[in-house]
Amino acid sequence: AQSVTQLGSHVSVSEGALVLLRCNYSSSVPPYLFWYVQYPNQGLQLLLKYTSAATLVKGINGFEAEFKKSETSFHLTKPSAHMSDAAEYFCAVSDSGFGNEKLTFGTGTRLTIIP
Amino acid sequence: EAGVAQSPRYKIIEKRQSVAFWCNPISGHATLYWYQQILGQGPKLLIQFQNNGVVDDSQLPKDRFSAERLKGVDSTLKIQPAKLEDSAVYLCASSLEWGTGELFFGEGSRLTVL
Numbered sequence: 001a002q003s004v005t006q007l008g009s010h011v012s013v014s015e016g017a018l019v020l021l022r023c024n025y026s027s028s029v030p031p032y033l034f035w036y037v038q039y040p041n042q043g044l045q046l047l048l049k050y051t052s053a054a055t056l057v058k059g060i061n062g063f064e065a066e067f068k069k070s071e072t073s074f075h076l077t078k079p080s081a082h083m084s085d086a087a088e089y090f091c092a093v094s095d096s097g098f099g100n101e102k103l104t105f106g107t108g109t110r111l112t113i114i115p
Numbered sequence: 001e002a003g004v005a006q007s008p009r010y011k012i013i014e015k016r017q018s019v020a021f022w023c024n025p026i027s028g029h030a031t032l033y034w035y036q037q038i039l040g041q042g043p044k045l046l047i048q049f050q051n052n053g054v055v056d057d058s059q060l061p062k063d064r065f066s067a068e069r070l071k072g073v074d075s076t077l078k079i080q081p082a083k084l085e086d087s088a089v090y091l092c093a094s095s096l097e098w099g100t101g102e103l104f105f106g107e108g109s110r111l112t113v114l
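Chains A and B, in that order, are what the protein sequence lines are. First residue of the first sequence? That's 1 in this note's numbering, and the numbers climb one at a time after it. First residue of the second sequence? That's 1 in this note's numbering, and the numbers climb one at a time after it.
Simulated from the structure, these hints should not be mistaken for lab results.
Within a straight-line C-alpha distance of at most 27 Å, the following computed BS3-like cross-link-like pairs (lysine-lysine) qualify:
1) A:K102 <-> B:K78
2) B:K44 <-> A:K49
3) B:K44 <-> A:K102
4) A:K102 <-> B:K71
5) B:K78 <-> B:K11
Pair ranges (Cβ atoms, derived):
6) A:S9 <-> B:V54: 31 to 37 Å
7) B:K71 <-> A:I114: 46 to 52 Å
8) B:D74 <-> A:L56: 35 to 41 Å
9) A:S80 <-> B:L114: 42 to 48 Å
10) A:Y39 <-> B:D63: 32 to 38 Å
11) A:P30 <-> B:Q59: 20 to 26 Å
12) B:R16 <-> A:A54: 48 to 54 Å
13) B:K15 <-> A:T112: 32 to 38 Å
14) A:T72 <-> B:K78: 38 to 44 Å
15) A:S14 <-> B:Q50: 41 to 47 Å
16) B:K44 <-> A:Y39: 18 to 24 Å
17) A:S28 <-> B:K15: 36 to 42 Å
We put the CB at the ideal spot given by N, CA and C, even for glycine.
Full structure from sequences and hints, please.
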């Protein structure tokens with residue numbers, strides 16, 4: 001079974017600083033990878049997804065992630081943090097790719113923005 | 001476009017009681033999922049429906065959990081009898097059958113078992 005590991009359950013950054021949230025995956029086949037965000041009292045929403053078309057993926061709200069096969073990583077970054085980015089972020093892997101969107105999620109990283 | 005609707009948002013019950021959660025997916029989405037999110041953990045898939053058929057229920061505790069999706073639209077998840085460890089947020093999500101890999105989630109139903 002495929003899985004993802006998120007390093008750091010809590011990350012704090014200053015407003016305007018770089019955001020880096022780490023995700024490593026385990027897969028025996030080319031994975032389909034996703035980042036979801038969960039704002040307080042809201043459902044999860046898709047930030048971005050890796051489809052194998054391009055290793056650098058751009059998402060909503062200025063976030064991007066780079067797929068690195070050699071490091072089995074899919075880290076999420078944003079150049080300049082904003083107060084509105086405070087939320088919980090989940091990395092996920094699809095078990096069978098598109099057409100069968102059954103996702104396995106990591107344990108999440110709570111991002112706090114320091115004014 | 002209306003999102004995924006879930007109810008109730010919050011429920012508090014005593015252990016050994018029963019509870020039911022309801023979900024109405026986005027119109028036209030053939031696939032429906034129920035996830036369990038325990039505090040401090042990522043969501044865990046309980047059951048996946050394709051129209052009104054079950055695709056995967058391998059992680060559903062079938063001795064106490066049941067789910068149905070009549071007519072391939074809305075769905076209910078039932079727990080009977082509830083245990084303390086069932087305290088969690090129950091998330092419903094839907095997606096297109098052959099889509100973009102994107103799941104659309106509801107706001108969740110938070111269950112507290114005392």
